[in-house]
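S.K.: Chain residues, written in single-letter form:
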Amino acid sequence: MSVLKRLTEPKSLDSMSPLGAVLVYGGLILWSMVVLFPLYWIAITSLKLPIHVSAGPVYLPFVDFLPDLHAWRYIFVDLGNDTLRPYLNSIVVALVSTALAMLIGSMAAYSLSRLEFAPRLASILLFLLLGAVMIVAVAGFGVPWWIAAVVALALFLLLARAAGRTMRASLGNGDILFWIISQRILPPVVAALPIYVMFQTVGLLDTRTALIATYTTVNLPIVVWLMYDFFVTIPKDLEESASLDGASRFAIFFGIVLPLARPGLVATGLLVLILAWNEYLLALFLSSANAQTMPVLVAAQNATRGPQWWYMSVLILLMILPVIFLTLLLQRFIAKGMLLGAVKG
Amino acid sequence: MTIILDQTSKSFGSVEVLRALSLEVKPGEFLVLLGASGSGKTTALRMIAGLESVTSGRILIGSRDVTHVLPKNRDVAMVFQSYALYPHKTVFENIAYPLTVRKRPKAEIEKSVRDVAQQVQLDHLLERYPRQLSGGQRQRVALARAIVRRPSAFLMDEPLSNLDAKLRGHMRAELKHMQHELGITTIYVTHDQIEAMTLAHRVAILERGVLQQLDTPANIYNRPANLFVAGFIGSPPMNVLEGSLADGRFDCSAGSFGTASRASGRAVVAGLRPEDGRLAPPGQGQLAGEIYASELIGDHTLVTCRCGGATVTVKADKDFAGSIGQPIGIGFEERAVHLFDKASGERLQ
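Protein chains in written order, with this note's numbering: chain X, 1 to 345; chain G, 1001 to 1349.
Quick caveat, the hints were computed from the structure, so don't treat them as lab data.
Some hints could be false.
[Said to hold, decoys possible] The calculated label-pair distances, taken between Cβ atoms and stated as ranges, are:
#, chain 1, residue 1, chain 2, residue 2, range
1, G, A1263, X, F117, 57 to 67 Å
2, G, Q1007, X, G174, 28 to 38 Å
3, G, Q1007, X, L171, 29 to 39 Å
4, G, Q1349, X, G174, 55 to 65 Å
[Said to hold, decoys possible] Output of the computed footprint for chain X on chain G, the stretches with three or more beta carbons under 8 Å from beta carbons of chain X:
#, stretch
5, 1069-1082
6, 1087-1098
[Said to hold, decoys possible] Among chain X residues calculated to face chain G with C-beta under 7 Å, some are:
#, residue
7, D237
8, L238
9, E240
10, S241
11, S243
12, L244
13, D245
14, A247
15, A251
16, P259
17, P263
Each residue gets a CB set at the ideal place from its N, CA and C atoms; glycine is no exception.
Bound conformation, chain X alone:
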């Protein structure tokens, strides 16, 4: 009894019981191993000769096997520019698409959090109907697409008011928000082929532009959805005060709202950046030689000779480094308490 009691009861208010400490630290150590072991495995695999990989697992460098830099030499010297180009592509595509998605997405999220939208259901249905008619006219009856587009747009502008009068139902901000996030419900592989055809038609296949446009679009819903939650928590008093102080909506957004949403911006930005950095499927479809990104290059190491684990490991380490560096750099911004002292005592 007394042994059990001594094990399960904390010695003081701010400490854990001995048993609790064992369980908590045991769990933490176990989970750290789950998280860190793959990294360790990649690091040592990049130093192994093919024989060390195929002849069964070896764990400790200098004990189980002698480390060798042959994979590093291959990636940096033999491939050289063929490694550098995808690396640069990845950096440019990820950074630019993240910046664009953050800018457009946070503006959309802000307006959804502050303005009341009430699009008429009738207008939306009319728009869809005219779109369908346009497709039928172009595909079925050979009408030039630009004539069909102009006619459909004119009809929409003419009829939208009348349609709105006959059918009063309208949607709200919640519906718009759901519609935006619903675009992520569709599996990307379904859209990959149409996207491929689209970029082929406009002649942008295998360019960074195509990848940037695609990633920006794909990541926008995530930015809108996450940033909306951050903007809602910012007290409206601050913006009203700024508007009376003489600031325009843009000045308020960039000068007051964005700085206060910085923790959210950084967290969302990191998430979107990592999604763009690691994206594989769309990159595989849209790029070949020039715009190839790192994930595609990694996968390419599984070629005719079978998976080249050692080359892959080097490339994966190269891919992980900037992300770790960036996370360490930015994590101090993901601190709470930014809004402390804004309102009330």
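Starting from the known structure of chain X, fit chain G onto it as the hints suggest.
M.R.: Same frame as chain X, but now just chain G:
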């Protein structure tokens, strides 16, 4: 500058929060909008600021119709109940904000901010952030930010309600002094009648979106326009007795007395302020009752009496000693009595 509300109404959907409010604030005047929560006072202020649209009617600042003008172009400054300080800016940057968004020259901003900061005793705190300040200091920053660009009017939405009682009294005096020094037209919203009475040149009392009375604090206290104002102003509130008026004599179950009114044969409500009544031995005075409770406040005692069906509170001497249930009389000067029509609640005479 003059501020005029002309038949201004506001509805949220089918709920009417402000009904045809008309009032004129004179240049340099300190006007207080007083009312309970839900009276529409804050909505009225926000409409003057341009933060709420106007459903019908007009708002004029100076001679300019600003009904549809954006807040940033109205040249009014507002102090919020929450202070609304920008948490990512220092005190200096907060105060300077109205000038920096207007792109004034750096030297001018520097000078204006330092001058104003000195005026509200913040000059030693300019590099701090709002989270490092006390409630009273934050309040001063909010004031300084409003003053710094010399607006044509101040709008204040319960600026003192987040301060503790002692600081509130202190800031009230400072606010009044400052407004007098600057001479800028001020509209101040509060639910606190002490603030209203002490600060205002004139008080506008609102209830359920309707203006009840607009007058000087003294007139509002001495000649309340209707029963609502009579009951709202004064602490403890005015005693009310329901009865009838015949040939200038008021008659109720607790007694009867003569009044200044000539009216006759109608149901009326008589009002008597606690400080206008005095306690008398049983059988004397105009009203008869018994002591219900007696509370020593410090410099006086509040004695609550049951008189017929009504409760009458009288402010008595601090040495008053009476026991609960003891019969007592209540006397008063008959011209101290306020008479109101029972049906409409309006003041008679």
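S.K.: Tell me if the interface restraint on E240 of chain X is satisfied: Cβ within less than 7 Å of some Cβ in chain G.
M.R.: For E240 of chain X, the interface hint holds, since the closest Cβ of chain G sits about 5 Å away, which is under 7 Å.
S.K.: Given a hinted range of 29 to 39 Å, is it respected by the beta-carbon distance of Q1007 of chain G and L171 of chain X?
M.R.: holds (35 Å)
S.K.: Does the nearest C-beta of chain G fall within a distance shorter than 7 Å of the C-beta of A247 of chain X?
M.R.: holds (5 Å)
S.K.: Kindly confirm whether 55 to 65 Å is satisfied by the beta carbon distance between Q1349 of chain G and G174 of chain X.
M.R.: Holds, at about 57 Å.
S.K.: Given P259 of chain X was flagged as interface, is its beta-carbon under 7 Å from a beta-carbon of chain G?
M.R.: holds (5 Å)
S.K.: Restraint: D245 of chain X near chain G, CB-CB cut 7 Å. Satisfied or not?
M.R.: With a closest approach of 4 Å, the D245 of chain X hint holds.
S.K.: With a C-beta cutoff of 8 Å, work out whether three or more residues of the stretch 1069-1082 of chain G approach chain X closely enough for the coverage to hold.
M.R.: holds (count 9)
S.K.: With respect to the beta-carbon atoms only, verify the hint that Q1007 of chain G and G174 of chain X lie 28 to 38 Å apart.
M.R.: holds (36 Å)
S.K.: Holds or violated: the hint that L238 of chain X contacts chain G, with Cβ atoms closer than 7 Å.
M.R.: holds (5 Å)
S.K.: If I claimed the Cβ atoms of A1263 of chain G and F117 of chain X lie 57 to 67 Å apart, would that claim hold in this structure?
M.R.: Taking Cβ atoms as reference, A1263 of chain G and F117 of chain X lie about 59 Å apart, which means the hint holds.
S.K.: Given a cut of 7 Å on the nearest C-beta pair, is the interface hint for S241 of chain X held or broken against chain G?
M.R.: Cβ of S241 of chain X sits 4 Å from chain G, so the hint holds.
S.K.: Restraint: P263 of chain X near chain G, CB-CB cut 7 Å. Satisfied or not?
M.R.: violated (11 Å)
The structure shown violates just one earlier hint, number 17.
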